[in-house]
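Engineer: Given next are the chains, with one letter for each unit.
Number of protein chains: 4
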Amino acid sequence: MKTTAKKINVAVAGATGYTGEELVRVLVRHPRARISYVSGKEDREVKIQEIFPYLRGKLDLECRPLSVDQAVEKSDLIFLSLPHTVSMQYVPQFLDAGKKVIDVSADYRLRDERIYEKFYKVPHKDAHNLKQAVYGLPETNREKIKSAHLVANPGCYPTGAILGLLPGVKQGLFEPASIRIDAKSGVTGAGRKADKALGFSEVNESFKAYKLFDHPHVPEIDQELSKAAKKEVSVVFVPHLLPLNRGILSTIYVNLKKKISTEGLIRVYQKFYAEEPFVKVYDTGLLPEIRNVAYTNFCDIGLRVDERKALAVIVTAIDNLDKGAAGQAVQNMNIMCGFEETDGF
Amino acid sequence: MKTTAKKINVAVAGATGYTGEELVRVLVRHPRARISYVSGKEDREVKIQEIFPYLRGKLDLECRPLSVDQAVEKSDLIFLSLPHTVSMQYVPQFLDAGKKVIDVSADYRLRDERIYEKFYKVPHKDAHNLKQAVYGLPETNREKIKSAHLVANPGCYPTGAILGLLPGVKQGLFEPASIRIDAKSGVTGAGRKADKALGFSEVNESFKAYKLFDHPHVPEIDQELSKAAKKEVSVVFVPHLLPLNRGILSTIYVNLKKKISTEGLIRVYQKFYAEEPFVKVYDTGLLPEIRNVAYTNFCDIGLRVDERKALAVIVTAIDNLDKGAAGQAVQNMNIMCGFEETDGF
Amino acid sequence: MKTTAKKINVAVAGATGYTGEELVRVLVRHPRARISYVSGKEDREVKIQEIFPYLRGKLDLECRPLSVDQAVEKSDLIFLSLPHTVSMQYVPQFLDAGKKVIDVSADYRLRDERIYEKFYKVPHKDAHNLKQAVYGLPETNREKIKSAHLVANPGCYPTGAILGLLPGVKQGLFEPASIRIDAKSGVTGAGRKADKALGFSEVNESFKAYKLFDHPHVPEIDQELSKAAKKEVSVVFVPHLLPLNRGILSTIYVNLKKKISTEGLIRVYQKFYAEEPFVKVYDTGLLPEIRNVAYTNFCDIGLRVDERKALAVIVTAIDNLDKGAAGQAVQNMNIMCGFEETDGF
Amino acid sequence: MKTTAKKINVAVAGATGYTGEELVRVLVRHPRARISYVSGKEDREVKIQEIFPYLRGKLDLECRPLSVDQAVEKSDLIFLSLPHTVSMQYVPQFLDAGKKVIDVSADYRLRDERIYEKFYKVPHKDAHNLKQAVYGLPETNREKIKSAHLVANPGCYPTGAILGLLPGVKQGLFEPASIRIDAKSGVTGAGRKADKALGFSEVNESFKAYKLFDHPHVPEIDQELSKAAKKEVSVVFVPHLLPLNRGILSTIYVNLKKKISTEGLIRVYQKFYAEEPFVKVYDTGLLPEIRNVAYTNFCDIGLRVDERKALAVIVTAIDNLDKGAAGQAVQNMNIMCGFEETDGF
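Residue numbers (this note's numbering), protein chains in the order written: chain A, 0 to 344; chain B, 0 to 344; chain C, 0 to 344; chain D, 0 to 344.
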């Protein structure tokens, strides 16, 4: 016997990148969504199930360069998994056609166009829709996401960083100037592309920090934490490249404004996230590992306080392609469409 | 809306090994089965969702050493993911209690007790049930599996090897004496255990062959291919250890008894597997890769003929934990219980 | 033509662990040392070149359990690559026999026996020799190493951390209380042993923090930095386990006491290490990567200052088996014996 | 004290690829050679020790696009580590200038220009020098290499395959038509380049066969084995891509023409290679692993006979960058220049 609830039709633009592929992988077993259109940068006529053979028997769709008309015709909601600066060329067209849009790129995450231009090196071309875009982090914005037409799906690093800091920042427990986020990401975070620096033997058996202070995810983290703190927060953020496919682990250092024990801070976090289906705060003595969240939409959080030094270390783990991208996008779809938030996971 | 079909209760004995964990991971989202009991070698009282944190919200069960009474009381069907030679101590008890059993160990795969003793170094202790056990490869034994009480789930290497040879062997296309199977497996195939030789830095950045000619999966392959060929087949089999978690790729060399082209042999294979939900034969020019089958129950097959030399090379890929173990076990459950064969995948 | 300088005879006790193996690998091509004795935990009579086949043609020695008498008889200098708490049972015997000793364990690194007992859970058994042991970090202690009889070879994490902080700490540029060391190590750092948690499939495709605040290398870092700062320094240190064989990358966050630019701080570091053969400070814009130091005795350092926030991030990379263990031990031997410090590298 | 033997000056053209880098890494500690010139595809003026920071203190050379004049002026012997079809544009110029040349590309390996054109898709442009090129496998051609002006350094797969078959093929022990070579190579074998298919996350956690029957190394293997057998040999060869950096393991299946035991065949092999400094044949029961040969110039060989089936499986392991490329090239230089054959290793 099969479930009989009505399904919506969804399009995935950019289905052949890592995030697009993961969108398809998650959506193909979603009880309330049917993938009705996919596009990808392919120079030949090819079916999506030929590109990703594990889709055989589950999906049967041509995968061609993006056609706005066809996507509009065939679907109710569009996932845009396009490169930064490309997405904003298409979003207005889909919104004008009355479709709901979840944009997985960075184009609608930053409220301030000047900051966008500073970090992405091009002027923003869609200020109108930028204003009404909703930042798609359900743990902070669930109510707004419910009625949103355009959701800006958060970046992978910001998701792991913000969720690790939110309870303490909201309640004023941390010195804002003391926040250091040491983040480590698997290689799919860099996208599927021909790039010598991402070649197997360049990354394998190695590890490095990159873009010290300058990563375009920094203003996104600052924006959301400042909103939560109701004052300006400016974090120190250092990303690293891990020799593995999927996962981000963020080790976050904060100075404490108030005396609190490990158990006390864990209680604050557990209470804060008590109703969240995808955030889990570990008990004392336990810490997250990437293998526990890979291929899931979970964000796992563990922490420890050094009371003598009045500081805490908070560790969060996510799958960069799931809670850090495609999984969170599907969670947002679930919220926008009134489905169970855990549908498809 | 949720599906409302009645679910059966299933037990997973040995849930903390890699195969047991995968059984739980697959079953936890199965529409027709509810995990009602798990056991594992834990020296503390612990919940399964604490051992595997990604199960949170989906499963809430104590994981203790195996209690036959409790497993019998709580479940309709038992998956036994226990070490070889241990399984046969429990199978009779579950069968006597009227339960269906899917044994993932090697204890009921070999029809001939003497061969079992030769390769597993202990006498078989349950000759009675061995006689009625059904070898659980759906592609050859589907009808018998439907009514089986005890299914001997195939080994990982045999699954990849047999599926790659079956169509040609059945139709007498191959010289039986010419078969060479060069198989490469990920490390989860060796089980989750403390073993210096399986330590990360021993395996990582290395590769080796092992157990030349002597692997206990050889008699299993010979038994099933001989049955298919209706004459004795004795393969040459060399396993290797790949520095990755999941997957087996088997490269199989055969001499051809009849003149046939690549396209011709592919047609034979595609026809043979046309109705199989989990076997896919690639078109000319394409070959399987482990990444295309990892985390799926598929067996992908590609091949090429050298007509001048009258030989073929057949390449098969499976996930050793899915089609090679847990996935196939769930497929067997689906068949035994009259569910859709693809349920849960 | 071969070099004709006289060679000393050296023993390697514990030659079958990762560090012991690396000692042998480096020493076997050393122009001034001849390996004259090796021991290892082997339950059979075996030659070292059978355990490590790449030594064939270069070394021909039995590898048996440690015999103090034989090691004393055959060698002038002893490398002890034994587990913590075991080393101090042997060191007195070798010193009493008039041999020079380089102890690669942690037994003689901490000046304060109470701290040793707190972190290693056993009382120190050799207080007498502990007093005269020299901490073997050539960049701080070269003169003392020259005349030392017992060198305590530094820990792997401390080497990467101390070298990254030393110039700034010595010159009072950093707020001592602000130091956060986020260190990531390859798996050989945990030693060669049967341990389920270090199994390939547990570590591969994963990443985790461990021993928050409590790692026994913390007091070692504090001790050496306090000595350099001439006041108490107590760092925040979080180690992580990288899915690769060799290498440690440490990302170090410090608040600056004085206004200084990236270029200015790099100049301080480059001047400080100008004469060091194994420390390299990168120019502005460049950062170290593990692959650039693997299989070498180098410590590479890169850094960047955020002037507005008055902080710096310093990144160091070493090979945990070379500059973090065996390589540094050979460097110490070179210093103790009056050889070229770079001999053997 | 330093060695005082006179050193020759050598050039490495193409020093920034994986093989070129390994040439530099090996040569920089060679007692009889001094690297006097390097070239590489760099669009900026850069020193080789900035590209490969571990060379600091050991080498100080500009790395620019190849200038024949400068290479000729500065060096006595040239290593050409250029792409196939590019090498033959330069070789005549260096030979005409009176320099010895070791060509690491495939351009001078195949005696028959028509076969070259068939597999490399361009006509050969230097038939004159092709005739006098010596195939640089010391184990078969040492005498000719001694006086060669142009050495064609063997391919990586051919080295592992030929060394595994040579003793049996030469002595007529194997059925030539029965040879199947199942070879598995690390990723550096594909060269350092921007290629989506070689991206980390495409290769990591995966494994595949490629170029069934068609690999351009097939005619090279056939040519050399035919010469050894004194009759035509045409092997079946299937290469695979291993998710690791360095190493090739070849599993070779042969039918035996004569009755011989495992011990007997091992004796044949051990006798054949008794004087070879870089080939090691294992005793009964032992098999090579990639980790035992990585970063060495060794070829390790293990084998086992199935007497009942009259066949043998031979396993060989090499480092594709050393014995499979740069190491063998240096071994060839040692032979050409009258140095100790093991110098530099």
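Just so you know, the hints here were simulated from the structure itself, not pulled from any lab data. Among the hints, a few may not be true.
Just so you know, same-sequence chains aren't split out, so a pair can sit in one copy or run between any two.
Stated by the list, open to error - Straight-line distance between alpha carbons at most 20 Å, and here's what the computed PhoX-like set of lysine-lysine pairs gives: (1) Lys5 x Lys40; (2) Lys192 x Lys124; (3) Lys124 x Lys270; (4) Lys145 x Lys257; (5) Lys5 x Lys256; (6) Lys117 x Lys195; (7) Lys5 x Lys120; (8) Lys230 x Lys308; (9) Lys210 x Lys308; (10) Lys192 x Lys257; (11) Lys6 x Lys210.
Engineer: Provide an ascending list of the numbers of those earlier hints which the structure does not satisfy.
Structural biologist: 1, 2, 3, 4, 5, 6, 7, 10, 11
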